[in-house]
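Trainee: Listed below are the residues making up each chain.
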Amino acid sequence: MIHWKIGTAALLSAALAAGSAAFLAATPLLAQETVKLELWSRQDPSGPLRPGNVVKAAERLNKELEAEGSPKRVEVTVRESPAKGFDDDALQLLKVFGIGEGPDMFIAAHEWICAFQEDGFVLKLDDYIAKYPQHFGTIFPSLWSSAKCPDGTYAIPQDAEARMFFYNKKLLREAGYDAAFVDAMPQRALAGDLTMDEVLEIAKQVVDKTKAQYGVLHRPNKGPDYIMVFQAYGNDFVDPATGKLLLERDKLAAAFGWFERGVKEKVIPANNTAMEFDALRKEFYTGNAAFWMYGIWDLGSVAFPTYGLPQDEKAFFADWGWITGPAPEKGGAPVSLTHPIVYAIAADTKEPELAVRLLGHASAVDLNTDHAVTTTHLGIKPEQLQDPRYAKAWPLAKATELLKITKFLPNNSQFGELNGIIFAGIQGIESGRLSAQQAADFVIEEASATLEDVTVK
Amino acid sequence: MTTIADELTIERRGHARSAARRRTNFVIFLGPAIILTVLFFVVPVIIDITVSFTDLSRSLRISEFTTEQYQKVFRTDRRLSQVIGLTFIYVFGTLAIFNVTFGLILAITTTAIRNVSGSFFRGVWLLPRMSPSVLYILLWLWAVSPTEAGLVNQVLMQAFGLDAPLDLLTSAPIALIIISNGFIGASMGMIIFTAAIRGIPEHLFHAAAVDGAGTLAQVRFITLPALRWPISFVTIYQTLSLLVSFEYILLLTRGGPFYDTTVYALYVYRRAFESGQYGYGAALALFLIVIGVVVALIGWRFFDMERLLQRPRIEVH
Numbered sequence: 001m002i003h004w005k006i007g008t009a010a011l012l013s014a015a016l017a018a019g020s021a022a023f024l025a026a027t028p029l030l031a032q033e034t035v036k037l038e039l040w041s042r043q044d045p046s047g048p049l050r051p052g053n054v055v056k057a058a059e060r061l062n063k064e065l066e067a068e069g070s071p072k073r074v075e076v077t078v079r080e081s082p083a084k085g086f087d088d089d090a091l092q093l094l095k096v097f098g099i100g101e102g103p104d105m106f107i108a109a110h111e112w113i114c115a116f117q118e119d120g121f122v123l124k125l126d127d128y129i130a131k132y133p134q135h136f137g138t139i140f141p142s143l144w145s146s147a148k149c150p151d152g153t154y155a156i157p158q159d160a161e162a163r164m165f166f167y168n169k170k171l172l173r174e175a176g177y178d179a180a181f182v183d184a185m186p187q188r189a190l191a192g193d194l195t196m197d198e199v200l201e202i203a204k205q206v207v208d209k210t211k212a213q214y215g216v217l218h219r220p221n222k223g224p225d226y227i228m229v230f231q232a233y234g235n236d237f238v239d240p241a242t243g244k245l246l247l248e249r250d251k252l253a254a255a256f257g258w259f260e261r262g263v264k265e266k267v268i269p270a271n272n273t274a275m276e277f278d279a280l281r282k283e284f285y286t287g288n289a290a291f292w293m294y295g296i297w298d299l300g301s302v303a304f305p306t307y308g309l310p311q312d313e314k315a316f317f318a319d320w321g322w323i324t325g326p327a328p329e330k331g332g333a334p335v336s337l338t339h340p341i342v343y344a345i346a347a348d349t350k351e352p353e354l355a356v357r358l359l360g361h362a363s364a365v366d367l368n369t370d371h372a373v374t375t376t377h378l379g380i381k382p383e384q385l386q387d388p389r390y391a392k393a394w395p396l397a398k399a400t401e402l403l404k405i406t407k408f409l410p411n412n413s414q415f416g417e418l419n420g421i422i423f424a425g426i427q428g429i430e431s432g433r434l435s436a437q438q439a440a441d442f443v444i445e446e447a448s449a450t451l452e453d454v455t456v457k
Numbered sequence: 458m459t460t461i462a463d464e465l466t467i468e469r470r471g472h473a474r475s476a477a478r479r480r481t482n483f484v485i486f487l488g489p490a491i492i493l494t495v496l497f498f499v500v501p502v503i504i505d506i507t508v509s510f511t512d513l514s515r516s517l518r519i520s521e522f523t524t525e526q527y528q529k530v531f532r533t534d535r536r537l538s539q540v541i542g543l544t545f546i547y548v549f550g551t552l553a554i555f556n557v558t559f560g561l562i563l564a565i566t567t568t569a570i571r572n573v574s575g576s577f578f579r580g581v582w583l584l585p586r587m588s589p590s591v592l593y594i595l596l597w598l599w600a601v602s603p604t605e606a607g608l609v610n611q612v613l614m615q616a617f618g619l620d621a622p623l624d625l626l627t628s629a630p631i632a633l634i635i636i637s638n639g640f641i642g643a644s645m646g647m648i649i650f651t652a653a654i655r656g657i658p659e660h661l662f663h664a665a666a667v668d669g670a671g672t673l674a675q676v677r678f679i680t681l682p683a684l685r686w687p688i689s690f691v692t693i694y695q696t697l698s699l700l701v702s703f704e705y706i707l708l709l710t711r712g713g714p715f716y717d718t719t720v721y722a723l724y725v726y727r728r729a730f731e732s733g734q735y736g737y738g739a740a741l742a743l744f745l746i747v748i749g750v751v752v753a754l755i756g757w758r759f760f761d762m763e764r765l766l767q768r769p770r771i772e773v774h
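Protein chains in written order, with the numbering used here: chain A, 1 to 457; chain B, 458 to 774.
Since the hints were made in silico from the structure, they are not lab data.
Remember, it's a predicted structure, so these values are computed and weren't measured experimentally.
Some hints here could point you the wrong way.
Said to hold, decoys possible - Not the full set, but computed from the structure, chain B residues with beta-carbon under 8 Å of chain A:
id : residue
1  : Arg480
2  : Thr511
3  : Asp512
4  : Glu525
5  : Thr627
6  : Arg677
7  : Gly713
8  : Asp717
9  : Gly733
Stated by the list, open to error - In the DMTMM-like style, the derived pairs of lysine to aspartate or glutamate whose C-alpha atoms are separated by at most 25 Å in a straight line are:
id : chain 1 : residue 1 : chain 2 : residue 2
10 : A       : Lys36     : A       : Glu80
11 : A       : Lys131    : A       : Glu351
12 : A       : Lys63     : A       : Glu351
13 : A       : Lys95     : A       : Asp151
14 : A       : Lys251    : A       : Glu445
15 : B       : Lys529    : A       : Asp151
16 : A       : Lys251    : A       : Glu59
17 : A       : Lys204    : A       : Glu283
18 : B       : Lys529    : A       : Glu38
19 : A       : Lys95     : B       : Glu525
20 : A       : Lys95     : B       : Asp620
21 : A       : Lys264    : B       : Asp534
22 : A       : Lys244    : B       : Asp512
23 : A       : Lys244    : B       : Glu525
24 : A       : Lys314    : A       : Glu174
25 : A       : Lys244    : B       : Asp463
26 : A       : Lys282    : A       : Asp119
27 : A       : Lys350    : A       : Glu174
28 : B       : Lys529    : A       : Glu283
29 : A       : Lys204    : A       : Asp236
30 : A       : Lys266    : B       : Asp512
31 : A       : Lys282    : B       : Glu525
32 : A       : Lys84     : B       : Asp620
33 : B       : Lys529    : A       : Glu383
34 : A       : Lys244    : B       : Asp620
35 : A       : Lys264    : B       : Glu731
36 : A       : Lys211    : B       : Glu605
37 : A       : Lys381    : A       : Glu59
38 : A       : Lys84     : B       : Asp505
39 : A       : Lys95     : A       : Glu64
40 : A       : Lys204    : B       : Glu605
Every residue gets a Cβ at the ideal spot worked out from N, C-alpha and C, and that includes glycine.
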C-alpha cells in the first residue's frame, strides 16, 4: 500500500510539476490584467492636457508596474462632458454619480470638491498623499488648501492661475494719461494705492475721449473672476469659525455698488451678461475696451493665437498690461483670485491605489509644465520654476507675483449655487432691474430660501 | 333545417362575435392613444407628484419624504408672483396679438386675394415654423443684435437716421419674446382659419354681395361666425402650448435680463436644472400641470368644444 501510495504520489507530483512549469511559463501572457480607469473631463480648450497628461501617465505607470512584476496594466478612457463651464460640469457629474454611473477619476474646479465629498462620491486622499511623497511631496502647500474639505484632503491640485484686470495701455494713453502713469498702475494696485473707483474713472475717460466703446468688461456667465470685486469689498462668503456660508449685507451692497456705478457711468455695458464670451474678448483684444476682468491663461489660449497680441514680453507690455484687483479705498488691500483645477478619485473606484499612482504620474514636473506653458497656467511644484520652458513663459513668472496676495473661492459645498445667485444679482444691476442695495437683499433672500445654513449679518 | 335551439345558438354566437369585435376595435383604435396618454401623461404626472414630496437635489438622491417643497412655493419663494404675472402677459399677449388675431388677419387676407398669391404668402408665414428653433433664434439674435450690424439697427440707423444702435434684448425683452413666438404661432391659426374659410359655402358670399354687403360686412356676418369653433380650438390649444413651451425664450434671452423673461415653465427649468433643485422643480411643475388641465376644462366648457367635435351639420349631397 505504502509503495503504491508513494508511486501514485510520485506520479501525481510529476504531473503537477510539469503542469505548473507549463502554467508558469505561460503566466506572463495569460495573467496580465488590464485595469480600465475612466476619467471624466470637461471639453475645455483652455486645458486639453488636463486629461491628456493622465493618458500619458498611464504609459509611465504601466512601465513601473512591469518593473515591479505586477500583472496589472492600466488603460485610461476619457469621458468628455460638453458643459460650458466647470459649474455646469460639476452639476452634471453629481447627477452621474447619483445614478451610479460615475467615473473612476474626475477633473473639477476646486470649490466643488466638498459637494462631492458631502455626498460620499469622492475618495479621501490623506493616507495616499503621505504614502507617495515622490508624487505629491513637493506640491505647493498653499495649493493643498484648495483641495481640502472639513475632514481631510479630497483632491490633488492640477494647476493654478491668477485672475486680474487686463488693460489696454494704448487706449489709456489716447485718453490723456501719460506713459509713466499707465506703466505704474500695476505697482500702484499692488501697493493698495489704485482703487476700484479709480479704475472706473480711468475707464470713463477712455470711453469719453477715445473711440473705444467699453470701459470694463467681465465674463458673461457664472464664474470666479467677478468674485474678486466682492473679495475686494471684504466678502469672504464663509464664516471662518463655523465653515458655514456667510452673507454680509453691507459688504455685498458695497461690491454691487461698484457694478452699479460702472453701468451708471456707461463704463460697464448694461448687456454685458447677454453678450457672448468670444464677442467680449474680441471687443477687448481689438481695442474697443479699456479693461477686461479675466485670467492669465487667456493670453496663451486666446490673446496670442487668435488676436495676435505680441508674444514677446517687451512688445506685449508696451501696449498691454494687467493690474491686480484694486483695493476698495486708498491704503486698502488689493485682491487676486486663483482658481485651481483639481484631480479627484471616485470613492467607489475598484482600484484606488492605481488611480492615485496614475494621477501621481500625471502630476509629474515635465507633464504639468507641458500643460502650464501651452495654456498659460501656473505650475504646482517649485521644481517647475527651474524648467527653462517655464522660465521662458514670461506671463507665468509675472503672474506668480500675484500669488502673494491671492485668495481662493471658499471650499463650501454650496458655494457653486451661491455664486449663481450672486451672478443673477450682477445681471439685475447691470440691466437696471435692481439697485446695489436691492441686489444685496436679493442675494440674501434667495440664498436663505434655497441654501442651507446661511449666516446673514 | 334548423331548430329554434340552433337559431338561438347562432344568435348568441353573433352577439359574442360582435362583442368580441367591439373589444378588438376598442384595442385597435383606442389602445395606442391610451398607451401614449398613460406613458407620456399619467406616468410622468405620478413621478412628478412623487418627486415633489422628496428632497431630491443635485445628486439625484432622496434622503426623506417631505412637504418642504410646497412650503417653499407658498412661503419663501418671492420670485413666483413676478414669474406668474409675466407668464400671464406673455401668454395673453402672444395669443391676443399674434396666434389668434394676426392668424385670422392672415387667413382672411390670403383667402381674399388671388389663389397663387395667397398660397405664396401663407408659405412665407409658414417658414418660421418650418425652421429649426436654433436657426430661427440665431436669425433673431442677428436681427436684434445691439450693434450697428443688427438688422433692426441697420434699418433704423440708415433709413430713419437713428444715432446710436438700440439694445432691444435689454430694453424690450418681453416684447421680443412675444413677437418671436407670435411669428411662429400665427401660422397655425392661419392654416386652420384658412381651411375653415374655404369650407364656407361660396353662395353665401354671392348672396351677401347681391344684398349689397361690402367686404367688411361679409367678414363680420359670414366669415367670423363660421370661424367661432376654429377660433376656440386655436385659443385653447395655443394657450396650453404657450404655457408649457419655453425653448425660444431660453435660446433668445436665457430668461433674462435678470428674471424679466423667465416665464413659469422656464422658471421650473431654471430651478430644477440650473440650480439642481429637482424636488422643488417638480413641485412647481405640478402647478403647471394643474393649471393646464384646468385651462383645458374651462376652455372645453366656455367655448363649447364638445359641439366642435360632433358630426358636421352641413349635409353634403
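Trainee: If a hint holds in the structure, say so; if it does not, say that too.
Mentor: Cross-check of the supplied hints:
Among the interface hints, the one on Arg480/B is violated; its C-beta lies about 41 Å from the nearest C-beta in chain A, farther than the 8 Å criterion. The beta carbon of Thr511/B is not positioned within 8 Å of any beta carbon in chain A (closest approach about 13 Å), and the interface hint is therefore violated. The criterion of a C-beta within 8 Å of any C-beta in chain A is not met by Asp512/B, whose closest approach is roughly 11 Å, and the hint is violated. A cut of 8 Å between beta carbons decides the hint on Glu525/B: the least distance to chain A is about 11 Å, and the hint is violated.
Checking Thr627/B against chain A: minimum C-beta separation of about 5 Å stays under 8 Å; hint holds. Residue-level restraint check for Arg677/B is violated (minimum Cβ-Cβ distance to chain A is 44 Å; threshold 8 Å). With a cut of 8 Å, the hint placing Gly713/B at the interface with chain A holds, because the nearest CB-to-CB distance is about 6 Å. Interface restraint check: Asp717/B against chain A, minimum CB-CB distance 7 Å, threshold 8 Å, status holds.
Interface hint at Gly733/B: satisfied, since its Cβ lies 5 Å from the closest Cβ of chain A, which is below the 8 Å cut-off. Simply put, Lys36/A and Glu80/A have alpha-carbon atoms about 16 Å apart, close enough for the 25 Å limit, and the pair holds. At most 25 Å may separate the alpha-carbon atoms for a hinted pair to count; Lys131/A and Glu351/A meet this at roughly 16 Å. Only pairs whose Cα atoms come within 25 Å are accepted, and Lys63/A paired with Glu351/A is accepted, the gap being roughly 17 Å.
Between Lys95/A and Asp151/A the alpha-carbon distance is near 23 Å, which keeps this suggested pair within the 25 Å criterion. For the hint pairing Lys251/A with Glu445/A, the CA-to-CA distance comes to about 15 Å; that is within 25 Å, so the pair holds. A C-alpha spacing of about 32 Å is found between Lys529/B and Asp151/A, which places the hinted pair above 25 Å, so the restraint is violated. For the suggested pair Lys251/A and Glu59/A, the alpha carbons sit about 51 Å apart, so the restraint of at most 25 Å is broken.
Taken as a hint, the Lys204/A and Glu283/A pair is honoured in the structure, with Cα atoms around 16 Å apart against an allowance of 25 Å. Using a Cα cut-off of 25 Å, the hinted pair Lys529/B and Glu38/A is violated, with the two alpha carbons roughly 39 Å apart. Simply put, Lys95/A and Glu525/B have alpha-carbon atoms about 21 Å apart, close enough for the 25 Å limit, and the pair holds. For the hint pairing Lys95/A with Asp620/B, the CA-to-CA distance comes to about 50 Å; that exceeds 25 Å, so the pair is violated.
Restraint check for Lys264/A and Asp534/B: the C-alpha separation of about 30 Å exceeds 25 Å, so the hint is violated. Between Lys244/A and Asp512/B the alpha-carbon distance is near 21 Å, which keeps this suggested pair within the 25 Å criterion. Among the hinted pairs, Lys244/A with Glu525/B is consistent with the structure: their alpha-carbon atoms are about 22 Å apart, no more than 25 Å. For the given pair, Lys314/A sits about 20 Å from Glu174/A by alpha-carbon distance, which is consistent with the 25 Å threshold.
A C-alpha spacing of about 88 Å is found between Lys244/A and Asp463/B, which places the hinted pair above 25 Å, so the restraint is violated. In summary, the hint linking Lys282/A to Asp119/A is not supported, as the alpha carbons are separated by about 41 Å, beyond the 25 Å threshold. Taken as a hint, the Lys350/A and Glu174/A pair is broken in the structure, with Cα atoms around 62 Å apart against an allowance of 25 Å. Under the criterion of a C-alpha separation no larger than 25 Å, the hint pairing Lys529/B with Glu283/A is inconsistent with the structure, at around 42 Å.
About 29 Å separates the Cα atoms of Lys204/A and Asp236/A, which puts this hinted pair outside 25 Å; it is violated. Restraint check: the Cα-Cα separation between Lys266/A and Asp512/B comes to about 44 Å, which exceeds 25 Å; the hinted pair is violated. Taking the CA atoms of Lys282/A and Glu525/B, the gap is about 46 Å. The hint is violated against a cut of 25 Å. Note on Lys84/A and Asp620/B: the hinted pairing is violated, with a Cα-Cα distance of about 36 Å set against a maximum of 25 Å.
A hinted pair counts as satisfied when its Cα atoms are at most 25 Å apart, and Lys529/B with Glu383/A does not qualify at roughly 53 Å. Our distance criterion of 25 Å between C-alpha atoms is broken by Lys244/A and Asp620/B, whose separation comes to about 51 Å. Straight-line distance between C-alpha atoms of Lys264/A and Glu731/B comes to about 30 Å, which puts the hinted pair past the 25 Å bound. The hinted pair formed by Lys211/A and Glu605/B meets the criterion: a straight-line CA distance of about 15 Å does not exceed 25 Å.
For the hint pairing Lys381/A with Glu59/A, the CA-to-CA distance comes to about 22 Å; that is within 25 Å, so the pair holds. Between Lys84/A and Asp505/B the CA atoms are separated by roughly 28 Å; this puts the pair beyond 25 Å, and the hint is violated. With a C-alpha separation of about 35 Å, the suggested pair Lys95/A and Glu64/A falls outside the 25 Å cut-off, and the hint is violated. Distance hint between Lys204/A and Glu605/B is fulfilled; the C-alpha atoms sit about 22 Å from each other, no more than 25 Å.
Violated hints, listed in ascending order, are 1, 2, 3, 4, 6, 15, 16, 18, 20, 21, 25, 26, 27, 28, 29, 30, 31, 32, 33, 34, 35, 38, 39; each of the other numbered hints is respected by the structure.
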